[in-house]
Amino acid sequence: MAELQEGLKGLQQQSAAAAAAAAAVTVSNVHSQLEKVKLPKFGGDQRDWQGFCDKFTAMVINDKALMPVIKFQHLLNSVSGEPAELLRGIKVESDNFHTAWEARVKLLRLNTHLKTIIQLPTASTESVAHLNQLLSTTNESLNVFKALAPSVANCDSLLVYCVSSKLAPSMQLDWAKDCEAKDVTFAKYEDLRLFVETRIRTLDRLDASSKDSGIDQAKGSRGKGTGRQATNSHLTVNQKNSVSKNGNTKCIFCAEPHSSSSCKEFLAKTTTERRAIARTKKLCFNCLGTSHMVSECSSKYRCRACQGKHHTKLHIDQGEASGKQSELANNESFGTAESSDAHLKTVTSTLASLTHRHKILTTAIVTLISDKGLTFQARALLDPCSEESYVSENVAKALELDTHKTLIAVNGLGNSTSVARGWVNLTVKSPSDADFEFQVEALTMSRLTSKLPSAPIDIQPWTHMHNLDFADPFYATRSSVDCLLGVDVVAAALRPGLITGPAGTPTALNTVFGWVLMGKGQQRGNDVTQAFSLTVNHELSAALQAFWEVEEISAPKLISPEDTQCYEHFKENVQRDHTGRFIVRLPLVKTPALRNSKNHALGALRRMKRRLENNAELREAYNKFMAEYNQLQHMSLLPDRTKEDETTVYIPHHPVVRDESLKKIRIVFNASSKDAKGQTLNDFMHSGPNLLEDTRVLLLRWRLSRYAFSCDIVKMFRQFLVHPDDRKWQRILWRDSPDKPVQHYSLNTVTYGTVSAPFLANACMLEFATQEAEPFPLGAKILQYNRYADDFFVGDDSESNLITKAGELVKILKSAAIDVGKWASNSRAVIEQYSSVSSEPVELKAPTTLPVSVLGILWTPSSDALHYHVPAVSTAEATKRGILSAVAKLYDPLGFLSPVIIRAKILLQDLWLLGIDWDAKPSEATTQAWREFQEDIVEAQLIKIPRWLSFISTNRWDLHGFCDASQKAYAAAVYAVVYDTADNPIDCHLLIAKTKVAPMKVLNIPRLELQAALLLARLVNFVNTSLQQTPSLTYCWTDSNIVLAWLRSHPSR
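Residue numbers (the UniProt record's numbering): 1 to 1053.
Just so you know, these hints were derived from the structure itself, not from any lab.
Small disclaimer: the values here were computed from a predicted structure and weren't measured.
Treat the hints with care, since some could be wrong.
Straight-line C-alpha distance at most 20 Å; calculated EDC-like pairs for lysine to aspartate or glutamate [said to hold, decoys possible]:
#	residue 1	residue 2
1	K811	E772
2	K71	D54
3	K188	D178
4	K429	D469
Please put together the full structure from these sequences, using the hints given.
Take a look at the structure:
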């Protein structure tokens, strides 16, 4: 045992010796590597400090293999001059390295910055450049003092002496007088900084004023003779001169003899109040000058806090800004209501004006207000021919508006194209009428028009314009347009009054902004012709969005916190009455507060009266619809003395005709109708999450079953009652005859036209499935997995099982007083059996040979085949607009027409690459390719696809996916191979396919093959997660060996 212990002890000693030797070798190796890498040098210049510190820390201090004594030696070798002198008294030992680095380096930085301030040159004359350098260097050094030695940073007397001694003699004298006037013996550095900044602004403003001396001044004025002036782009109210007659600086805020930026009254206000004052007085945000705005400021100097183009006194800290945003967010009660369809409904044509020779445009000075309370005096162009309003991006930034991203092509005359990249919410107010307030959703654009008018107008003594209060006193002076207000704002702003004069003179129209002028005026200068036309095609945008949504593989749905809160609100408040019908509460963001909604509804009813008087068939259909609505108790007549309050909302309504025979008519209750402030009922209502299943998922599931049927809920939205307390926000006006008085009704059910209607209806169906899962398990599953809105698509391998499912579906819906209609099936037995379980007459006695619409495609039950109805593509013109509009209407959810539609996609890409205008004719080759596509796509209507995949749940089936690519496009397709009981393949069907055009950035074929493989992987994953039947095996095929090699390699490649 003793020998064994001696042996172990010897081994331990050998191991320790080896470890020590290895450490020595490691140190030697590291040392040798450092000798090869040149270490940074520092000689005392504070500008070199940060670079030296970063490099030395990375190369030496962070190297754990180096011992502290070696690090200390490298530090001594890397410094020279004064830094070396500071380190000379410290002994080179391991324990002293951190002391030298932390303490002496800190002292070194302090000495360096103090030396930098002391060695600054003294100015002989006042110079903006010298003063800026002086402040920048001192402020930088002061920040270092605060971080390393707060006691030094508080030595104001030392800093003031060092800095003031560098000033020009004349400025030192002014500084001494300023201190004497304030009775200050020991001034603080903050006072000196303000003094220097004020002098910089004064010098800069005097320099800028000399450059602005050529700016045109407005000769026009209001009728009573005020003296406001106009600049090139913004309007400013008449200000007192910033320099008095004796040459002394005069404050523009309090008129006292001191600089405006050092005014105590101005500095005592918050930053937000200062910014508001600067906007009100039309001051330059960068230098607080009065002769120009920030966009024209020639000063090279910026905010000393963030280097932004604004005065330091107008700087808002990030923390303060974030705090305000958080406060605003906390003040919101239930969520935010944004109408996602607000820019996707109609084609908007905007004709601003056609100016030729001496035309005067309808411009006005308006006040724009943001949600944060910021204001902006803007020059607006009033355009009653525009359905949209527009605001410049500069104004949106100045108001700090939250810009919602969008991308809409705005077309002008001559096919010129601009792009609106966002939209904002703002409020328009009148400077002269405090009661007028209108909320606007405006598109943002970088530039709206050129300066208007196209040339200055000579103001004539028009007698009919005497003593008018003009909305734009500078209508005759060329100036920029900040916003364009559309027809909704113009209509709300009109007031009684129209003044016309002799021929060749302008006309005056009264508005809440004042009197706006239009017509002819005497022009000064050369003739200039300008035309402004804006066209926004929202229908095309909506069609394109739907087209590309189908083209993309669905991603998992992400529900926002607002949507989650909305759903929880539904679950907490949903009820059922004694008949089983659901009663819901409206998901309000906040209590609606619409102005004069009843008057708007009454106006809409009167307009409808004139339309119905000219169309007897439409009047009869309208009356019949409303009578049925009342008979079914979906609306109730209100007593004459029913109470109304300021929150009561009346909704206008109008008919939507589906065919010329008027057999199908739908009444739309327009909850998006705007009041005098531009608000709608939908603005106060949450839209809720999207609870619908993907149409492609439903079609794939439906194709697995041999026998199938489809049906829908009769009047789905109207099957769900709205709580009586919420019906005051769903009132309408109606009378079935012009001879009868207008009567008031409340809508008792979920109303088609409100933004929350789809969510409430679908949420009720899912809640229904949860509540009735135990008594009706089959029916509950159908409600959850085989429904799209009000349509059901159900299948089974057995006719008897399908009959059972149909019967249970009818029973579960009957328990909530809901009827089912529009039945179609490929099984005669299902339809015949249905008559015994249905409470309503059966429409079909046998599988019909007529096609039935199923999720956008057609299904013929008698042949159990799917086919397509192709829209009128053959009539589309061969222009970019015509081709884009036609292709966007093609709906192919499962990709059966992919080989044809990909040609249209490639054609669209070619049109973009050519860069031709929207309505210009493309090349002959492009036109011929489009004609060939038009002929081929019509043939697609002849294609028949079997609905059933020959699949039985007891049989085995596999998935096979294929991908390929070319220089123009790449594609992926997924097939189902079905086997019989003997494991022999009996049938093969295409399940789904996707195509994509190759990116405009040229990629080689292997890269495109890899993109195709990725597309196939996503497509196979989508199929596997969508189907309720799992395939036995899944195969993914590619003919690219390079792709296979890449897939076998490490993912980091």
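Going down the list of hints, with the structure as the test:
1. A distance of roughly 11 Å separates the Cα atoms of K811 and E772; the hinted pair therefore holds under the 20 Å criterion.
2. With a C-alpha separation of about 15 Å, the suggested pair K71 and D54 falls inside the 20 Å cut-off, and the hint holds.
3. Between K188 and D178, the direct Cα distance comes to roughly 13 Å. Compliance with the 20 Å bound is thereby established for this hinted pair.
4. Only pairs whose Cα atoms come within 20 Å are accepted, and K429 paired with D469 is accepted, the gap being roughly 17 Å.
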